[in-house]
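Visitor: Chains G and B, in that order, give the protein sequences. Under this note's numbering, the first residue of the first sequence carries the number 1, and numbering increases by one thereafter. Under this note's numbering, the first residue of the second sequence carries the number 1, and numbering increases by one thereafter.
No lab work stands behind these hints: they were computed from the structure. Accuracy of the hints is not assured; some may be wrong.
Once the Cα atoms are required to be at most 35 Å apart in a straight line, the calculated DSBU-like pairs of lysine-lysine come out as [claimed, not checked]:
| id | chain 1 | residue 1 | chain 2 | residue 2 |
| --- | --- | --- | --- | --- |
| 1 | G | 78 | G | 24 |
| 2 | G | 78 | B | 5 |
| 3 | B | 37 | B | 71 |
| 4 | B | 54 | B | 37 |
| 5 | B | 68 | B | 5 |
| 6 | B | 56 | B | 71 |
| 7 | B | 37 | B | 68 |
| 8 | G | 24 | B | 5 |
| 9 | B | 37 | G | 68 |
| 10 | B | 71 | B | 5 |
| 11 | B | 37 | G | 24 |
| 12 | B | 5 | B | 56 |
| 13 | G | 68 | B | 5 |
| 14 | B | 56 | B | 68 |
| 15 | G | 68 | G | 24 |
| 16 | G | 78 | B | 37 |
| 17 | B | 68 | B | 54 |
| 18 | B | 54 | B | 71 |
Part of the chain B face toward chain G, derived, beta carbon under 8 Å [as the list claims (entries may be wrong)]:
| id | residue |
| --- | --- |
| 19 | 39 |
| 20 | 40 |
| 21 | 41 |
| 22 | 46 |
| 23 | 55 |
| 24 | 58 |
| 25 | 60 |
| 26 | 65 |
| 27 | 83 |
| 28 | 100 |
| 29 | 101 |
| 30 | 102 |
| 31 | 105 |
Where is the CB? At the ideal position from N, CA and C, for every residue including glycine.
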Amino acid sequence: DAGVIQSPRHEVTEMGQEVTLRCKPISGHDYLFWYRQTMMRGLELLIYFNNNVPIDDSGMPEDRFSAKMPNASFSTLKIQPSEPRDSAVYFCASSSVPGLAVYNEQFFGPGTRLTVL
Amino acid sequence: DQQVKQNSPSLSVQEGRISILNCDYTNSMFDYFLWYKKYPAEGPTFLISISSIKDKNEDGRFTVFLNKSAKHLSLHIVPSQPGDSAVYFCAASARETSGSRLTFGEGTQLTVNP
Numbered sequence: 001d002a003g004v005i006q007s008p009r010h011e012v013t014e015m016g017q018e019v020t021l022r023c024k025p026i027s028g029h030d031y032l033f034w035y036r037q038t039m040m041r042g043l044e045l046l047i048y049f050n051n052n053v054p055i056d057d058s059g060m061p062e063d064r065f066s067a068k069m070p071n072a073s074f075s076t077l078k079i080q081p082s083e084p085r086d087s088a089v090y091f092c093a094s095s096s097v098p099g100l101a102v103y104n105e106q107f108f109g110p111g112t113r114l115t116v117l
Numbered sequence: 001d002q003q004v005k006q007n008s009p010s011l012s013v014q015e016g017r018i019s020i021l022n023c024d025y026t027n028s029m030f031d032y033f034l035w036y037k038k039y040p041a042e043g044p045t046f047l048i049s050i051s052s053i054k055d056k057n058e059d060g061r062f063t064v065f066l067n068k069s070a071k072h073l074s075l076h077i078v079p080s081q082p083g084d085s086a087v088y089f090c091a092a093s094a095r096e097t098s099g100s101r102l103t104f105g106e107g108t109q110l111t112v113n114p
């Protein structure tokens, strides 16, 4: 298995532009998570899906952020309009049903480093 | 509010010595804890976990200790190796109330010097 795939790996954009981050979870995983990593707050959960349905989006900072999961193999995180304070590394992770193997082990993608100028 | 805190942003140890990384939490509903390791330009990877019914879990050079009364856990690495240099994240889960959700700490950068 290729693991969780994220694209792009790096994104540099200007303030006000729309940014779309993409994620392909591990095949067969039921859960998909979007995180943001910052120095001050570590890994923050933004939103997570179960069977393509958003379960908890309380971590989404503002209405400028939106996430979709149109099918089991693809998810997007969109920021519109982007701002310099959105600069961070964004991770996507997936996991299978809790109780199998290590409980709640999440498998992370390599991340997208976003820079908003 | 930061429910999982790692108060040491960095730690430096000599090769062969013990590394101790600490983590504190505030939510008494947390009942499962995990440590993740992250190398630069990679995503975090699972390292070791512990359930709240235990106070210790060991896997090779890695041992996690849980003190529920103090709401504190620690990761011991012995002996430390240069390849252990990475950022270590503590994470917690409240299985009954939050299901699959993990709450992560800020991370501790461990540097093991040869």
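Visitor: Was the hint right that residue 41 (chain B) lines chain G, CB cutoff 8 Å?
Guide: For residue 41 (chain B), the interface hint holds, since the closest Cβ of chain G sits about 7 Å away, which is under 8 Å.
Visitor: Are residue 56 (chain B) and residue 68 (chain B) close enough, with their CA atoms no more than 35 Å apart?
Guide: holds (11 Å)
Visitor: Starting from residue 68 (chain B), check that the Cα of residue 54 (chain B) is at most 35 Å away, please.
Guide: holds (9 Å)
Visitor: Given the hinted pair residue 37 (chain B) and residue 68 (chain G), is their Cα-Cα distance within 35 Å?
Guide: holds (28 Å)
Visitor: Does the interface hint hold: is residue 105 (chain B) within less than 8 Å of chain G, judged Cβ to Cβ?
Guide: At 5 Å from the nearest chain G Cβ, residue 105 (chain B) passes the 8 Å test, so the hint holds.
Visitor: Hey, residue 68 (chain G) versus residue 24 (chain G), does the alpha-carbon distance stay inside 35 Å?
Guide: holds (12 Å)
Visitor: So if I understand the rule, the pair passes when the alpha-carbon distance is 35 Å or less; does residue 37 (chain B) with residue 68 (chain B) pass?
Guide: holds (23 Å)
Visitor: If you draw a straight line from the CA of residue 68 (chain G) to the CA of residue 5 (chain B), is it 35 Å or shorter?
Guide: Measuring from Cα to Cα gives roughly 30 Å; hence the hint holds.
Visitor: Does residue 37 (chain B) pair with residue 71 (chain B) here, judged by a C-alpha cut-off of 35 Å?
Guide: Holds, because 21 Å separates the two Cα atoms, which is no more than 35 Å.
Visitor: Take the shortest C-beta to C-beta distance between residue 101 (chain B) and chain G; is it under 8 Å?
Guide: With Cβ-Cβ at 6 Å, under 8 Å, it holds.
Visitor: Between the alpha carbons of residue 71 (chain B) and residue 5 (chain B), is the straight-line distance 35 Å or under?
Guide: Holds - the C-alpha atoms of residue 5 (chain B) and residue 71 (chain B) are around 11 Å apart, at most 35 Å.
Visitor: With a cut-off of 8 Å, does the beta carbon of residue 55 (chain B) approach a beta carbon of chain G closely enough for the hint to hold?
Guide: violated (17 Å)
Checked against the numbered hints listed earlier, the structure breaks hints 19, 20, 23, 24, 25, 26, 27; every other hint is satisfied.
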